[in-house]
Amino acid sequence: MSKFVYVTYIQTTPEKLWEALIKPEFTKQYWVGVSQISDWKVGSSWKLEFSDGRVADTGEVLEIDPPRRLVVSWQNEFRLDLKEEGHSRATFDIERTGDLVKLTVTHEIDREGSKLIEAVSGGWPAILSGLKTLLETGKPLQGWPS
Amino acid sequence: MSMDLVFRALADPSRRRLLDLLHAKNGQTLGELCGELDMTRQAVTKHLGILEEASLVVAQKRGREKLHYINPVPINDIADRWIGKFERHRVRALADLKKMLEE
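One line per chain: the protein sequences are B and V, in this order.
Per my numbering, the very first residue in the first sequence carries number 1; after that it's consecutive.
Per my numbering, the very first residue in the second sequence carries number 1; after that it's consecutive.
There's no promise every hint is true.
[Said to hold, decoys possible] Here are a few chain V residues that face chain B, going by a calculated C-beta distance under 7 Å: (1) H23; (2) G27; (3) T40; (4) V58; (5) Y69; (6) P72; (7) N76; (8) D80; (9) L101.
Hints are computed from structural coordinates only; laboratory data are not their basis.
C-beta atoms are modelled at their ideal positions from N, C-alpha and C, and glycine is treated no differently.
The task is simple: from the sequences and hints, build the whole structure.
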């Protein structure tokens, strides 16, 4: 099992955070310009798409409970070595604590030394910092770490 | 989440060592971490508590055990605040150069 857990506390409401996670007009501002495409029902297909239409990752909605929990299966589509690892699982847990909202993102796959989990581990901290900045200041972070 | 807590947690060499251990192998139990350190179990528990309070470590239950995961997001927030988004690739290039020269 390879697994990473990311936690950030954001000054917002669970409802706003949920919208910022799901809606393309928000995700495009902090998540390397991608949109999540799904009709958001259990069993529905799910994909992460770049603004030029290329597909980054695909999967399925495994659990959805707005504005508390979202679980998707997640397979990379643009690197063969990552695609070969098959489906990983990404879980988003949203929890109110006082006047803050705790967001926990867990990304895991049932294999040791996963290259996919390694590859996404460089991205998640920056994505979550950007999400926090967007929600707290209304402005996206400028630029993306190369 | 207060940055004071993050800096206070990072100010101790034993706690930085704990983060190094989790960076090398994520998701370790208290027992595994104790095996790598010359400290009492109580001391390790206390240090982990301070790291958890700063959100630098996240503990998740697995059966009767607790697994500890390093959470890089607070450190990334610090980097975003002061390093600057445009300079980051240059800083990265310098860090790579330093690493290459020191290897």
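Which of the stated hints cannot be reconciled with the structure, identified by number in ascending sequence? Of the numbered hints, 1, 3 and 9 do not hold.
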